[in-house]
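As given, the protein sequences belong to chains A and B, one line each in that order. In terms of this note's numbering, the first sequence is residues 1 to 113. In terms of this note's numbering, the second sequence is residues 1001 to 1114.
Just to be clear, a hint being listed does not mean it is correct.
Said to hold, decoys possible - Quick list of in silico lysine-lysine cross-link-like pairs, PhoX-like style, CA-CA up to 20 Å:
| # | chain 1 | residue 1 | chain 2 | residue 2 |
| --- | --- | --- | --- | --- |
| 1 | B | K1051 | B | K1027 |
| 2 | B | K1044 | B | K1027 |
| 3 | B | K1044 | A | K42 |
| 4 | B | K1044 | A | K1 |
| 5 | A | K1 | A | K68 |
| 6 | B | K1027 | B | K1071 |
Because the hints were derived from the structure by calculation, they are not lab data.
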Amino acid sequence: KQEVTQIPAALSVPEGENLVLNCSFTDSAIYNLQWFRQDPGKGLTSLLLIQSSQREQTSGRLNASLDKSSGRSTLYIAASQPGDSATYLCAVEGTSGTYKYIFGTGTRLKVLA
Amino acid sequence: NAGVMQNPRHLVRRRGQEARLRCSPMKGHSHVYWYRQLPEEGLKFMVYLQKENIIDESGMPKERFSAEFPKEGPSILRIQQVVRGDSAAYFCASSSAGTGDGYTFGSGTRLTVV
Chain A
1 KQEVTQIPAA
11 LSVPEGENLV
21 LNCSFTDSAI
31 YNLQWFRQDP
41 GKGLTSLLLI
51 QSSQREQTSG
61 RLNASLDKSS
71 GRSTLYIAAS
81 QPGDSATYLC
91 AVEGTSGTYK
101 YIFGTGTRLK
111 VLA
Chain B
1001 NAGVMQNPRH
1011 LVRRRGQEAR
1021 LRCSPMKGHS
1031 HVYWYRQLPE
1041 EGLKFMVYLQ
1051 KENIIDESGM
1061 PKERFSAEFP
1071 KEGPSILRIQ
1081 QVVRGDSAAY
1091 FCASSSAGTG
1101 DGYTFGSGTR
1111 LTVV
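Chain A on its own, in the form it takes in the complex:
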């Protein structure tokens, strides 16, 4: 059974700092991995999608890496800003073909001005 863990659960950093959020999963047989952002009381915004054959994806100040064999992904945020404050969720899709995502419980990030 696939389990997804995210550490740390919460993180508070000063503005401008580079930071890394971690996601680990127990079953390496994944189809893809997606990072989302969730603002309080809001929906989920897709940040980056990494297919199982890819090692990383980049979008602006965000870079996500995937190491399938070790069951890990990291989300790197460069030069953090107060507007980056949100909960970041990692989700993996298995290879069963049902498009079912297993979510981690997220990392709550607060960037201090």
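With chain A's structure known, arrange chain B on it following the hints.
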């Protein structure tokens, strides 16, 4: 190009009433997924539907919950005889299947049972 539209955004129901949550997928997407986020918990898969078909309902409680995605109109998640434990955020996502292009989520419906 509107995204995934969910309504209502907030829904308050008394115990025993019915709740109907609606989801219109993105244009061109024919696959809909419902997830539930309980307070302080992660999102949990409930059901996966294509037009007129339920593909996977393994995450949906066997009683009181049902989902449909008719040929015309939005997908509906229906909760009968709601209880306080049903209070949660219900998210809908859609995708264009076969491409593995990930999900697009709606803004969710926050159900409060009083």
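Here's how the hints hold up against the structure:
1. Taken as a hint, the K1051 of chain B and K1027 of chain B pair is honoured in the structure, with Cα atoms around 13 Å apart against an allowance of 20 Å.
2. Of the pairs offered as hints, the one joining K1044 of chain B and K1027 of chain B is violated, with about 25 Å between alpha carbons and a cut-off of 20 Å exceeded.
3. Restraint check: the Cα-Cα separation between K1044 of chain B and K42 of chain A comes to about 16 Å, which is no more than 20 Å; the hinted pair holds.
4. With a CA separation close to 14 Å, the supplied pair K1044 of chain B and K1 of chain A stays within the 20 Å bound.
5. With a CA separation close to 16 Å, the supplied pair K1 of chain A and K68 of chain A stays within the 20 Å bound.
6. About 14 Å separates the Cα atoms of K1027 of chain B and K1071 of chain B, which keeps this hinted pair within 20 Å; it holds.
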